[in-house]
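Can you build the whole structure from these sequences, using the hints too?
2 protein chains.
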Amino acid sequence: MAGHVQLIEARIAQWCEALPPGDLYAPMAYLLRLPGKRVRPALVLMGCELFGGRAEDALDEALGIELFHNFTLMHDDIMDASPLRRGEPTVHVKWDANTAILSGDAMLVKAYQLMGKSPDVFRIFGRYALEVCEGQQLDMEFERRDEVHVEEYVAMIRRKTAVLLNSSLQIGATIGGANVQDRERLGSFGEHMGLAFQLRDDLLDAFGDPTKTGKQKGGDLRNGKKTFLLIRGLERAAEVRSSVLREELAKPSEERDVRRMIEAIDQLGVRAEAEAEIATHDRAAHLELDAIGLEDARKEPLRTLAERLLDRAH
Amino acid sequence: MAGHVQLIEARIAQWCEALPPGDLYAPMAYLLRLPGKRVRPALVLMGCELFGGRAEDALDEALGIELFHNFTLMHDDIMDASPLRRGEPTVHVKWDANTAILSGDAMLVKAYQLMGKSPDVFRIFGRYALEVCEGQQLDMEFERRDEVHVEEYVAMIRRKTAVLLNSSLQIGATIGGANVQDRERLGSFGEHMGLAFQLRDDLLDAFGDPTKTGKQKGGDLRNGKKTFLLIRGLERAAEVRSSVLREELAKPSEERDVRRMIEAIDQLGVRAEAEAEIATHDRAAHLELDAIGLEDARKEPLRTLAERLLDRAH
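Residue numbers (the numbering used here), protein chains in the order written: chain A, 34 to 347; chain B, 34 to 347.
Check the hints yourself; a few may be wrong.
Pairs count within a copy or across copies, as identical chains cannot be separated in the list.
Straight line, CA to CA, 30 Å or less: simulated DSS-like cross-link-like pairs of lysine-lysine [unchecked claim]: (1) Lys250 x Lys127; (2) Lys127 x Lys258; (3) Lys259 x Lys127; (4) Lys248 x Lys259; (5) Lys245 x Lys284.
Source of the hints: derived by calculation from the structure; they are not laboratory data.
Every value quoted in this text rests on a predicted model; they were computed, and no experiment measured them.
Right, here's the structure in full:
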């Protein structure tokens with residue numbers, strides 16, 4: 034993936050350089066230049082190469098996917114009132130909310146302009162772009178609701194996170210010349226990986242090493258954020274009549290005993306359950322990859338990436 | 034145009050009916066169902082018919098243009114903090130700003146989904162979509178600036194208003210089978226018409242009949258809004274050393290003598306200048322239409338529409 038990231042960084046740098054001056058475009062360059070893992074555009078290139086295409090031929094679409102991802106970050110940060118993104122002020126803080134709304138809109142248009150070469154790419158992109166919006170809408174709705182079922186939560190993270198990995202791979206596969214069946218299998222591999230990735234993220238909040246994650250341990254729990262751990266924790270607690278989580282949630286967030294919450298979640302078996310879920314998606318992802326009729330060596334880069342994403346400690 | 038509007042209204046109603054439930058989609062239907070003139074989608078259909086196409090074949094793209102226009106209204110209303118749209122609460126007031134941001138984003142994606150049938154349509158739409166964002170950005174920037182030159186103002190309204198009429202006609206013309214030269218001529222006709230229309234709008238604020246416009250006379254002047262009248266008024270006042278406008282602008286808006294401002298603008302020759310500008314764009318528009326190699330009868334509906342738009346009293 035390192036070579037891919039280099040290609041992508043060069044393309045992003047070149048694109049930012051060529052932007053006209055002014056407050057419509059400056060926030061795009063600002064956000065794109067914050068260091069990121071560039072997983073989604075790398076998946077576009079890898080999806081293309083898997084089927085024998087050249088990474089260079091998918092660079093426009095890879096950039097388009099990264100623009101789309103950054104458009105969602107710009108708008109989500111307004112909606113979530115997040116002051117920081119990757120340790121730097123968010124666009125609506127550094128400029129203002131109006132600038133972030135409008136620059137995000139224009140960034141979505143810019144993303145689309147890179148998706149017009151193939152009708153299939155255009156269709157895949159549009160379908161998933163809409164699902165990402167639906168995911169964000171569910172996420173906001175869940176915050177306001179008292180109760181969220183775990184199936185609803187999974188449906189939300191599927192849309193909000195997993196489908197963009199799916200579409201990145203499918204777009205790359207399309208450019209690489211894959212047939213529809215193989216393309217969809219590869220997309221499904223990405224979607225399972227995305228779900229596993231998000232669940233790993235949820236787990237790391239409570240059980241990760243803060244020196245590696247760079248985040249406060251149990252920050253999501255302190256904020257009462259409805260992640261897999263809290264949602265399943267509350268469901269399990271109701272079954273066994275444990276009141277620990279309810280008690281802590283009833284307190285103001287600064288008074289919550291986060292260690293006690295983490296212990297309860299562990300004892301309720303939710304940590305193990307999340308690990309099992311991750312393993313299930315991991316297996317499902319690899320089965321999809323197995324089913325694609327190509328020699329195994331070609332699939333190695335994707336397997337390595339999946340491993341890195343899922344076994345990460347941060 | 035009446036038949037076109039009927040076709041469009043039916044398509045909009047059908048589209049709204051088919052939307053999934055939930056707060057992502059409900060604001061789209063709410064905004065689309067507010068009564069509107071549907072000028073832009075009608076132009077798509079008229080552009081198509083001018084070159085011998087059937088209106089029905091351009092209905093998807095006409096709907097796409099109306100979705101795009103409503104997406105810009107939804108986001109502009111947040112940015113301008115407007116409480117009302119066509120006499121009803123704006124989306125960010127009826128729901129909230131986050132819902133308006135996200136529903137607008139999804140509406141832009143939905144608009145794009147209707148623009149994928151032809152690569153030419155896709156390209157025209159994308160280019161103009163970006164210019165509309167640039168126009169809104171300039172509009173917001175001008176509000177913060179002390180001085181705006183009239184050329185800058187015209188460049189702003191060109192992007193913010195006129196290019197969408199241009200692209201509506203060009204998209205219709207493309208579907209109708211026009212050659213590139215005729216298509217661009219028709220687009221240019223729309224752009225001149227759009228500029229004239231906006232200048233007429235500026236004039237009506239000060240010199241229209243409030244019983245017909247339904248707006249407070251001189252509302253823009255009271256708010257110090259930088260329209261053609263105020264920008265050119267201040268330029269002309271500096272030339273002839275008239276201090277009326279400066280004096281009034283120095284007062285708090287509720288104490289401004291709007292009648293005195295209107296009188297000054299008239300005496301400075303700015304009313305006549307705006308009328309002359311409108312006439313120039315009107316002539317230019319018709320010259321473009323003349324140059325299209327089709328029999329005159331086919332062009333009649335567009336000439337009638339232009340007349341209605343420019344000679345309107347409200």
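Hint by hint, here is what the structure shows:
In the homo-oligomer, the alpha carbons of Lys250 and Lys127 lie at most 30 Å apart inside one protomer (28 Å), although the nearest pairing across protomers, at 38 Å, exceeds that limit. For the homomeric pair Lys127 and Lys258, the shortest alpha-carbon distances inside one copy (26 Å) and between copies (26 Å) are both at most 30 Å. Both within a single protomer and between protomers do Lys259 and Lys127 lie at most 30 Å apart by alpha-carbon distance, with minima of 28 Å and 26 Å respectively. Taking the shortest Cα distances, Lys248 and Lys259 sit within 30 Å of each other inside one copy (17 Å), while across copies they are farther apart (48 Å).
Within a single copy, Lys245 and Lys284 get their C-alpha atoms as close as 29 Å, which meets the 30 Å cut-off; across copies the closest is 59 Å, which misses it.
In the structure shown, no violation is registered for any of the earlier numbered hints.
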